[in-house]
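Participant: Make a model of the complete structure from these sequences and hints.
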Amino acid sequence: MKGDIVDYDRGRRSDAVDYAHKLQIWHGSMGMLKYSCYGAILMYLANLRFPWVQRQTLAGKAFVVSSFGIFGLVVSADTHLLSHERQQGSVENEVRRRALEDLSANHGIVASEGQIRRWVMEKKAEAAQEREKNLKKE
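Offset between the sequence shown (1-based) and the numbering used here: plus 43.
I should point out that these hints are in silico values taken from the structure, not numbers from a laboratory. Worth double-checking, as some hints may not be accurate.
With beta-carbon atoms standing in for the labels, derived distance ranges [unchecked claim]:
(1) 64 <-> 102: 52 to 60 Å
(2) 138 <-> 92: 50 to 58 Å
(3) 127 <-> 180: 36 to 44 Å
The beta carbon of each residue, even a glycine, is placed where N, CA and C say it ideally should be.
Facilitator: As structure tokens, then:
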């Protein structure tokens, strides 16, 4: 039984890490694209307006645009990752709260982390059995 719990956690965490990584890559890329466009537009407008910008080399202007892009990459990826982690934390806290309520009310025990994991696995197994019953009825 204990091996099942460890495997359950490892698989769940691996999936969560993969999803968070993909989320970070996607939003980081979109942020980089958006802020690179902002930097290019601002550099173009500054080039039209200010003579000191006109005297800059192309490499200097490209540095400014790429700095905008890198800023967008880092800030966007970090912002979306933190919001995802906050959402996951609230979901896990809700599951933990429900498990604690059920275990203390129905079984009269103060639940440990292992008991909470077992409770979650039991609820998932019950839900799977319920789905099977519903499919057989149809």
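Participant: Check the structure against each numbered hint from earlier and tell me which ones fail, lowest number first.
Facilitator: Hint 1 is the one this structure does not satisfy, whereas the remaining hints hold.
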